[in-house]
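With the hints as your guide, set chain P onto chain L.
Residue numbers (the numbering used here), protein chains in the order written: chain L, 1 to 343; chain P, 344 to 883.
Which bits of chain P does chain L cover? Going by a derived footprint, with three or more residues having C-beta under 8 Å, they are:
| # | segment |
| --- | --- |
| 1 | 633-639 |
| 2 | 705-718 |
| 3 | 861-867 |
Hints are computed from structural coordinates only; laboratory data are not their basis.
In this text, all values refer to a predicted model and were calculated from it rather than measured experimentally.
Each residue gets a CB set at the ideal place from its N, CA and C atoms; glycine is no exception.
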Amino acid sequence: MSELVWSILKALVGVVAVILFLSLNVLFLTWMERKVIARIHVRYGPNRAGPFGLLQPIADMLKLLTKEDIVPEKADRIVFNLAPIMAFLFALLPAAAIGIGSGLIAADLPAGVLYIAAVASLSTIAVLMAAWGSNNKYSLLGGMRTAAQSLSYEIPLVLSMLGVVAIVGSLSTQDIVEAQSSAWFGIIPKWFIFYQPIAFIVFLSAVVAEMGRIPFDLPESESELVAGFHTEYSGMKFAMFMFAEYIHFVVGSALLVTLFLGGWHLPVVTPLAESLGVLKYVVQVAVFVAKMYAVIFLLMWVRGTLTRTKVNDMLGFGWKGLLPLALFNVVLTGVVLTLRGGA
Amino acid sequence: MDAEQSVELEAEQKLAEELAERFSAEAEPKRRHRVDVRVDRSSFYQLAEHLRHAGFDHLSCITGVDLGEKLEVVYHLWRQRDRVLAEVHVELPAEKPEIESVVSLWKAADWHERETYDMLGVVFTGHPDLRRILLPESFQGHPLRKDFKLEPQPWYRQGRAELWETEVRVEAAEDGETETMVLNIGPQHPSTHGVARLVTTLSGETVLKVEPVIGYLHRGIEKICENRTYPQIVPITDRLDYISAMANNLGYALAVEELMGIKVPERAEYLRVILAELQRIANHLMFIAAFGADLGAWTVMMYGFREREMVLDLLEQVSGQRLLYNYITIGGLRQDVPQGWEDNVRIFLQELPRRLKDYERYFFNNEIFLRRCRGVGVLEPELAIELGVTGPMLRASGVARDLRRDEPYSVYPKFDFEVVTEQEGDTLARFVIRLKEIYESLHIIEQALDDLPEGEVMAEKVPKVLRPPKGHAYSRIESPKGELAFYVVSDGSPKPYRVRIRSPAFCNLSAFPHYCTGEIIPDMIINFASIDIVMGEIDR
Numbered sequence: 001m002s003e004l005v006w007s008i009l010k011a012l013v014g015v016v017a018v019i020l021f022l023s024l025n026v027l028f029l030t031w032m033e034r035k036v037i038a039r040i041h042v043r044y045g046p047n048r049a050g051p052f053g054l055l056q057p058i059a060d061m062l063k064l065l066t067k068e069d070i071v072p073e074k075a076d077r078i079v080f081n082l083a084p085i086m087a088f089l090f091a092l093l094p095a096a097a098i099g100i101g102s103g104l105i106a107a108d109l110p111a112g113v114l115y116i117a118a119v120a121s122l123s124t125i126a127v128l129m130a131a132w133g134s135n136n137k138y139s140l141l142g143g144m145r146t147a148a149q150s151l152s153y154e155i156p157l158v159l160s161m162l163g164v165v166a167i168v169g170s171l172s173t174q175d176i177v178e179a180q181s182s183a184w185f186g187i188i189p190k191w192f193i194f195y196q197p198i199a200f201i202v203f204l205s206a207v208v209a210e211m212g213r214i215p216f217d218l219p220e221s222e223s224e225l226v227a228g229f230h231t232e233y234s235g236m237k238f239a240m241f242m243f244a245e246y247i248h249f250v251v252g253s254a255l256l257v258t259l260f261l262g263g264w265h266l267p268v269v270t271p272l273a274e275s276l277g278v279l280k281y282v283v284q285v286a287v288f289v290a291k292m293y294a295v296i297f298l299l300m301w302v303r304g305t306l307t308r309t310k311v312n313d314m315l316g317f318g319w320k321g322l323l324p325l326a327l328f329n330v331v332l333t334g335v336v337l338t339l340r341g342g343a
Numbered sequence: 344m345d346a347e348q349s350v351e352l353e354a355e356q357k358l359a360e361e362l363a364e365r366f367s368a369e370a371e372p373k374r375r376h377r378v379d380v381r382v383d384r385s386s387f388y389q390l391a392e393h394l395r396h397a398g399f400d401h402l403s404c405i406t407g408v409d410l411g412e413k414l415e416v417v418y419h420l421w422r423q424r425d426r427v428l429a430e431v432h433v434e435l436p437a438e439k440p441e442i443e444s445v446v447s448l449w450k451a452a453d454w455h456e457r458e459t460y461d462m463l464g465v466v467f468t469g470h471p472d473l474r475r476i477l478l479p480e481s482f483q484g485h486p487l488r489k490d491f492k493l494e495p496q497p498w499y500r501q502g503r504a505e506l507w508e509t510e511v512r513v514e515a516a517e518d519g520e521t522e523t524m525v526l527n528i529g530p531q532h533p534s535t536h537g538v539a540r541l542v543t544t545l546s547g548e549t550v551l552k553v554e555p556v557i558g559y560l561h562r563g564i565e566k567i568c569e570n571r572t573y574p575q576i577v578p579i580t581d582r583l584d585y586i587s588a589m590a591n592n593l594g595y596a597l598a599v600e601e602l603m604g605i606k607v608p609e610r611a612e613y614l615r616v617i618l619a620e621l622q623r624i625a626n627h628l629m630f631i632a633a634f635g636a637d638l639g640a641w642t643v644m645m646y647g648f649r650e651r652e653m654v655l656d657l658l659e660q661v662s663g664q665r666l667l668y669n670y671i672t673i674g675g676l677r678q679d680v681p682q683g684w685e686d687n688v689r690i691f692l693q694e695l696p697r698r699l700k701d702y703e704r705y706f707f708n709n710e711i712f713l714r715r716c717r718g719v720g721v722l723e724p725e726l727a728i729e730l731g732v733t734g735p736m737l738r739a740s741g742v743a744r745d746l747r748r749d750e751p752y753s754v755y756p757k758f759d760f761e762v763v764t765e766q767e768g769d770t771l772a773r774f775v776i777r778l779k780e781i782y783e784s785l786h787i788i789e790q791a792l793d794d795l796p797e798g799e800v801m802a803e804k805v806p807k808v809l810r811p812p813k814g815h816a817y818s819r820i821e822s823p824k825g826e827l828a829f830y831v832v833s834d835g836s837p838k839p840y841r842v843r844i845r846s847p848a849f850c851n852l853s854a855f856p857h858y859c860t861g862e863i864i865p866d867m868i869i870n871f872a873s874i875d876i877v878m879g880e881i882d883r
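The following block holds chain L by itself, in its conformation from the complex:
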């Protein structure tokens, strides 16, 4: 009995930790995104609330909380109200299987990567619900685009993970990170970005599309579809969609770090930290978060630089470009691994 209580308690702690970690990051991200994009735009960005405008996310939250919650008269109320909650929940799910330090993981599933791929596609359902429930043509078009986009990019996304999984021989994210712990000559890390460069590029492109960010922000391209699927949402429901979107951003970047950039491993630093006892976790988390933010910064930079693609180009790029490339990578990895004797 006590074992059951213990495991429930452990799970609960994990859930709370994940939500806390994500929420803090999302709050910081909204500020960072505005600041980074503003600098690229030769603007200042938020600088009124708190030092460097750091309290801006809180002000935003308060504003959104006090906004009127509008439900369109002809909307499908149940679906309409459920959609933002679902979007939020579905966005949280994949985070459970991503660790930010050795053992610092909510649920170290043996089929971790598979689980992530499976639950990541759930958020499409929430978007479609929002699109249909709003009873708005822009929303519907945005929702349809989301469905098309998710379908096209999910496959290359999963296939690009396959190469990494084949090398490690395990689906657990912990194992995948551990497999990248060593380094050549002690300084050049043995990250999978070097073993699987093609997969990395495919994954990076596909994950941007999954996040729905420029150049793949077609589901909510504002110059065409006003705001896409969340056109009709206001106040906290809108905030939940935004929250979900930023969680995707965090999770996607974290996954990229886990799969290709060695997770919490950094040559020289992490081996040294091993002797620090409990403090080694602090170092690990710091390394992980630093890498994650490097990826996030890169994606913000991309947003500040590129224009939006066309719908048909987006689909063409997914099916004709990324998919064959991902398949080729899987075959190549298989051949190389077989020749090396199943290493």
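Structure of chain P alone, referenced to chain L:
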């Protein structure tokens, strides 16, 4: 008329004689580029047909004037070959104002005739779709009639808003018909540049039909002008195309100066050219910025605004205003430019090309941008002329027409510049042409600064109260968006009898439904953006 001028008027003379002979019309050459034709209603259509086949391929404007017992419809037709603008006046009885539609001859007539019907109640027989265009269907009366009473509409008096039908009926799909969907883009939408509204029929994301609906920003400027004195109208013109107000001031000033026979001092002419070209640069930078926003490239938007800021600073230094300048006025300029202003312009001339290099690097190395714009919304040159398209849009289709060269005004003939054209006629060409025009404008400003004479900036003997002699003048300028024309009729009083504004964006927008079908929504949106519309000018 001295000998030199009569040689110059050879083409005009020939046309006048020909028309007088064949259609028993009163025709006389008024000045270079202008032939005044008065024709009977019965022979009007033959005359129009004749002109159409004689090379008058550009219908510049259709104007209605209420003369009391009679209504007058004025057609302005342009022939590029010998650069003659025929001004055809037809008088109609006020009680039954009917005239043949010329839509079958010039497609551009479509919206002009609708507007004339809307404002003056002239019925154009044979027009395919004669509806009100700027005012709502339920509007009562025709406001530009002289007997129109400026009083609230019945619905307002009765307090019954339901009588005010502003909605354009959107045909609902038939029962069970699920193939097409009507998407109402605007009047409030992030990419309609104001309050334009596009009623779009879609099949999936493919556009089957587009109907622009305008009039949401209609302020009755043409009517207001009839109740203001001539100088009072200058600030009103600012509010037409509010992002190139200087060009509007210039266009109007030229029309009144022609009526009054005012000769503008040379320094003012040079400064006008500099200001007009600065305004063109500002307008095109604004276009690039807005175009970037429509593409999802917000960085470009911010950069465009940053560069435009430099021009606005220069214009602010001369006029004290940043948007609505009210600076170019009848007879010259309000005041001379401040000391050292020329040096500021020179600094700008050096700075801008350096910054434009960034734009070129950004756009032309950007595969996503090129793929989005290339081949989208191709407008064939013949169709473009037929539809009355002017300005950068027309030149992007490979038609080298530019009023600064074709019908020179101010001191443009003194400067060396190129009429840039692009051959493709697609959205990319319309973008590139604006970028190239900025360079041409810089070139013109440089020359004008080099030769800038000293002297007065206001003509002598411009009276306090302007009473131009009876008559009419049609001035055309190449505004940043295309052909901007003012048709001013004077009855000798201090207020104009009629002011008609031929707005370039109005005509360019009227062409839009003719070449955008078959595209998907994102293509249509950037195609729409490439027209460069400003609703203040379209709705007036």
